[in-house]
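Trainee: For the record, the sequence lines run as chains W and U. Okay, so the first sequence: first residue is 1 according to our numbering, each after it adds one. Okay, so the second sequence: first residue is 1 according to our numbering, each after it adds one.
There could be a bad hint or two in this list.
What the hints assert, rightly or not - Which stretches of chain W does chain U cover? Using the computed rule of at least three CB atoms under 8 Å from a CB of chain U, they are:
#1 64-70
#2 134-142
#3 160-167
#4 245-253
#5 326-332
#6 398-410
Stated by the list, open to error - Cβ pair distances, simulated, as ranges:
#7 U:Lys6 with W:Ser151: 57 to 65 Å
#8 W:Thr411 with U:Pro85: 46 to 54 Å
#9 W:Ser151 with U:Ile526: 51 to 59 Å
#10 U:Val92 with W:Ala148: 31 to 39 Å
No lab work stands behind these hints: they were computed from the structure. Backbone N, C-alpha and C fix where the C-beta goes; we use that ideal spot for every residue, glycine too.
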Amino acid sequence: MSHYEASIREPLINGNKSYHDITVDVAAPVEGKANKKWWIAFTIALLAFLYGIACIAYTIGIGIGVWGLNNRVNWAWDITNFVWWVGIGHAGTLISAVLLLFRQKWRMGINRSAEAMTIFAVFQAGLFPIIHMGRVWNAFYVLPLPNALGSLWVNFNSPLLWDVFAISTYLSVSLVFWYTGLLPDFAMLRDRAVRPFQKKIYGLLSFGWSGRLKDWQRFEEVSLVLAGLATPLVLSVHTIVSMDFATSVIPGWHSTIFPPYFVAGAIFSGFAMVQTLLLIMRKVSNLEAYITRIHIENMNKVILLTGGIVSVAYITEFFMGWYSGSSYEDYTYLSVGAATGPYWWAFWALITCNFIIPQSLWFKKLRTNYVWSFFISIVINIGMWFERFDIIVIDLSRGHLPSSWTMFSPTFVDVGIFIGTIGFFFVLFLLYARTFPVIAQAELKSILKSSGDNYKKLRENNHEQ
Amino acid sequence: MASNKKYWRSVEELKSDSPIVEGLMQKEFVEEIPTYEFLGDKDNLSQSATTRRDFLKYVGFTTAAVTLASCEGPVVKSIPYVVKPDNIIPGVANYYASLISDGSDSANILVKVREGRPIKIEPNKMAGNWGATSARVQASVLSLYDNNRLRGPLFNGEAIIWSDLDKKVLDTLASLKNNKEKIVILTGSTASPSTKKVIENFSQLYGNVSHVVNDALSESAALDAFETMYGLRALPSYKFEKAAVIVSIGADFLGDWQGGQYSANYAKGRVPVNGKMSKHLQFESNLSLTGANADNRFPIKPSEQVYALLNLYNAVTGNSLPSKETKADAAIKKIAVLLKEAGSKAVVVTGIQDKNAQLITNALNEFLQSEVYDITTPRFIKAGNDADVADLVAEMAAGKVGALFIYNSNPSYSLANAAAFNEALKKVKLSVNCTMSNDETALQTQFVATTPHYLESWGDAQFQAGEYSLMQPTIKQLFDTRQFEDSMLIWMGENTTYYQFIKDNWSASILNGGSWNQALHDGIFIGNAEVSLIKNEIDLSASAASLLSQTKPADFELNLYAKISLGDGKQANNPWLQELPDPITRTTWDNYMTISAADASKLGLENWNVSDGALNGSVVTLKVNGTTLENVPVLIQPGQANGSIGLAVGYGRTAGMQKEMMTGVNAFAFMHNFSNFQTVEIEKTASIHEFACVQLQHTIMGRDEIIKETILEDYINKPKEDWNKTPEFSLNHEEVAAERVDLWEKFDDTIGHHFNLSIDLATCTGCAACIVACHAENNVPVVGKHEIRVSRDMHWLRIDRYYTSDMTNEKAKEEDIFGTGEMFNTMTIPSENPKVAFQPVMCQHCNHAPCETVCPVAATSHGRQGQNHMAYNRCIGTRYCANNCPYKVRRFNWFKYPQNNEFDFNMNNDLGRMVLNPDVVVRSRGVMEKCSMCLQKTQLSILTAKREGRPVADEEFQTACSSACPTGSMVFGDVNDKESEVANLIDDDRTYHLLAEIGTKPNVMYHLKVRNTEES
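Using the sequences and the accompanying hints, generate a full structural model.
Mentor: Laid out in structure tokens, this is it:
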């Protein structure tokens, strides 16, 4: 890490912070008491989570028939939610791994929470492939376990099986990466802890971090190795998820541009979700000094880029629908299939949310505006949900044989389970915000002298003199 | 060797006389166990209510109880044979030849019996056309296990024993005989010579007895006409296979018209052979199954059907019977020319329920000297006499009837004046209903002499002159029931059983020296076919005048019809039939008013789809001649003649029925004067009806490669590429057939068996027999109206029905809107009078199956014999396979369908479960299922042949659908057997594979439809 940064670059840490200030600020939510707002948020999230559990129990007890699916549209909200959550889970690793390799210092203020969000989102995502099974009690059949049934083995041709491996690999690498980064920060909390219980817990969590030079050296090396490992995963996970669709023969699914298109879409939605969470957190946890206008703007730039890629993908799809000369593709993409068909509202929700509204980020005034950024991040999250809904439901509802055309309408259980995962996600995130160091303070301290506003000012003054 | 090693426990032990060591040696436990504290206090102990023994008892009991509770398993009642019957081998099916003849369905059948349970109806192929099984015949086996059947005889609604019932009946009969009061036997049509003889003997014994025949779907007009012309109450038999031109005016001869059973010989003429096939022209009001199969169809109102008949007669014969103009007159003139050209190869049939119309039609056929119109071997399957029924009600009301015996008839349901009948019945001294269920009439009669199902009965029939057949029981009577004929014999004081009676009757007058055992084994016997006919002259002008005066055109005319599924409603309590989609509307669990789109928009009636795709419709109140039916749903029907509406009878049953099966409205209430043509008033209501329709998009959307068809002229004159082009892909810069483009090396599938199923769209009439056969063979669950409504039908085999649209790809190219939203939107609208195509679709058993590659657990895999297998036990229900199936033939078990009160159909009661095929597993919740190409049947054939040490004969390989298909449209077999029928069909010019361009390489092939029309 270079200790010099051009003065024209905006500072990444504001508020005249010293090293000790950072420590205090990061430790404050853990050491302090939860305020009323936290409890209200937590209660709502917990209730949503419990409702979701009830809906899942109802599904497993009675059958998948309690959802709105039918024999033509065999997937709908379940896999939509799965892909949506996996997509959201993309930003964390991208921020911490790819930006680490690219030496982007602004990631330090946000990577911890982005990674936490990733892991919690992947939890939600992993839930759906399991509960969408008709016989969830036999879910272990998807694992290539040695068994006494002769040559009975999993089907390595199936993209659904690739999903199992892709998601579990991604989850484990992300988890290790995240935890490695947490070690020095847990140690900091341990060292500050007053109550013995807290000291004990953080002592265990920090794996006996001693702060010796050797610790730091290994820490840096492991981070780099893990970043190298995690980077291809950013591309692989959603590539494989996209193959659930791309390898099929269904018009609208059978498309070779799905892998890059899905990866871009995933980063797009993941950054939007990080944006949503950080904009709340910087207010609630008093982190305005660390999550600054420049962070938000940088994030918006990534959103604009990935949104652009996604938009190009949409246009490519429409072009290919026409260019392929296949009336099936043509129907699905170009005509009544999507834009004016019975699901026109879902189609236009997608176009509006993912294509039209994000264009406003070309304007610096808007992309540095906290309120607008928050609004856009929500809009993109909605838009990306519709993208998956459109791909799955519209295409399945208008298959090859017109005799089998039908539609899908969700039941309260479909909705309940989705709400439940949102609840679960926020339960985890709120607990995390109260017990974990939400900013990678050890890393952040390494750039205080190069990117802190006070030091920058100091240097400027020296320069002027 | 024992170890000498010594382990030191402390340094203290080194000291030889340490008091500590000494002390430890003395005491085994370092600390005293304070047993005294809790056992020493005797007083306290003795005061305790729980003694040690009690404590042990409690422990013992709870352990045993917990163990027992965890051991509770389902109790499966299975009783082994103590003495095994000679001809039953567990696991091996027996087949018995029998017949069904209940006045609406007539067929020679084979009954498959497993371990004493009839489980499947198969056609009796020895019986030719009469061996064809319709959907209702296929489903009739389930009616045997109907949980709502009566368990025994009733007297005023209370159970009674047979001896008491007989005593009361005999007492009353004796007094009636003394007083010479009239006794009436009211039955449905019976083709049974023995039943007729029993009734005859009864009449002779009691004197003043009359036999009235009542059919819910009456053919009285045709019978009257035949009787007037030829002096015999029968129906002509039509040999459609000989026809070059068939003109039908309102005759649904592929449905219930004149007793049905014309599909097989009709279909024979519908395949182009040597450049020839029959030309079928249909004038009708509703779009019937027959009209859907016609080459040209002219939708006209019921009143216009009468004029069309008269105009056609005039145009062909040159006579000038009085008539009126119709909008189809130009077409009629052309058709008259066609008829005259075809001469004796032409035939005209009509479904107009008027004696005069039938007389004119018969005369026209005689004029043409039609070979198709055969009066020498007339049919006896319909005998209803409307005039007699009308007289009977009048006589009963006047108190002139002393006793009424009812058998195989449900007048309280099927008469338009059912209320008057019920009122009149109260004046009858003795009323006995011989019926299987506590139906509408049974609620009105004093006695219910409960009859068995036909599969538990003896019987015989003469469907057609000379074609005798026998019915035999295939199971011991399930309940305390007695056949109608047995009851009659007892009430005559006879000592014989009906079985003996039939045997005697056959020996005396039918067998003519032939073997009874052989006849019983075959189920059929070709006997004396001689009928004595006379030839009466008919004054056709008078007939025409009378016909004209009877015909009253109106703004809206109602044409009542019967559906393929429920027919006259006898089997309305059969869930297979309730769930069977109507071949035309593809709607289940309902009847409804069909109306043309133009009329519907005039009246503000609508059909629309809600958010889950399901169909909703307006509701109307209908008024006919003072009778009102409320809550009639509206279905907009392409092809419905403007100014006419259709409504199916057979629904609206309310008695002896399970709640779920009480669907629709009773349209028999409108059948005034036994006529299916009525004048109707339509009144819109504010209600909305929810339909359960399995097909929501009715046109092919320009995807012409799905249903290929051509016209006869092109088929003959143009090269195959013009009308059956195989899709091509570019491979190595050359255009090759799509099927040859492949990423993988082909497996060698030329060894062993490789099964293919061939479906000829030219001969598939859409009759739906295959659907029910599949339902029965494969234990497919019934899921009920709501599940069907939300597209969760479980049928493994469906028959897609497509209407043509005015917008075609060609037209769009001309108008320069090809590929646009405008084109597709217009394509969704069917033509006003569309051409119709049927396409049975089941699992295509792709050799490159998209489902197989995506299953994460390999639960669906390919078999060596070409089938795509489902391993239910392995399936975890991700439903990925169903999504990736381009044919959408996979069916998911969304709920637990068997033994679930939410799905209270046949699989939810012990009786109904008796119909299950033990060779096919009942699927659990959460697994995918689909057509297996009747794996259990092919395996059986292979193993049987192997045991007998011979190759399998071609005809042994059958699926349930191919075996049930009455028209021979479906052919199944082994393509590696180069001699087999199916192997030869592969190379036919008409062969194509569904969605071949995807490269799935299906084992099911289709043969394109050829229409005998001028314009394509």
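Trainee: The hint says 31 to 39 Å between valine 92 of chain U and alanine 148 of chain W; measuring C-beta to C-beta, is that right?
Mentor: 33 Å, holds
Trainee: Closer than 8 Å, Cβ to Cβ, for at least three residues: run that test on the stretch 64-70 of chain W against chain U and report holds or violated.
Mentor: Since 5 is at least three, the answer is holds.
Trainee: Counting residues of the stretch 398-410 of chain W that have a beta-carbon nearer than 8 Å to any beta-carbon of chain U, does the count reach 3?
Mentor: holds (count 11)
Trainee: Check, residue by residue, whether the stretch 245-253 of chain W contains three or more positions whose beta-carbon lies closer than 8 Å to a beta-carbon of chain U, and give the verdict.
Mentor: Our answer is that it holds, as 4 residues pass the Cβ test (under 8 Å) against chain U, meeting three.
Trainee: Starting from the range 46 to 54 Å, see whether the pair threonine 411 of chain W and proline 85 of chain U falls in it by beta-carbon distance.
Mentor: 52 Å, holds
Trainee: That 57 to 65 Å hint for lysine 6 of chain U and serine 151 of chain W (C-beta), does it hold up?
Mentor: Given range 57 to 65 Å: holds, Cβ gap about 59 Å.
Trainee: Would you check chain U against the stretch 326-332 of chain W, counting CB to CB pairs closer than 8 Å, and say if three or more residues qualify?
Mentor: With 4 residues close enough to chain U, the hint holds.
Trainee: Three residues minimum, CB to CB under 8 Å: does the stretch 160-167 of chain W make the cut for coverage by chain U? Let me know.
Mentor: holds (count 3)
Trainee: Please check whether serine 151 of chain W and isoleucine 526 of chain U have a Cβ separation lying inside 51 to 59 Å.
Mentor: 57 Å, holds
Trainee: Take the stretch 134-142 of chain W, compare each residue's beta carbon with every beta carbon of chain U, and decide whether three or more fall closer than 8 Å.
Mentor: holds (count 7)
Every hint from the earlier list agrees with this structure, and none is contradicted.
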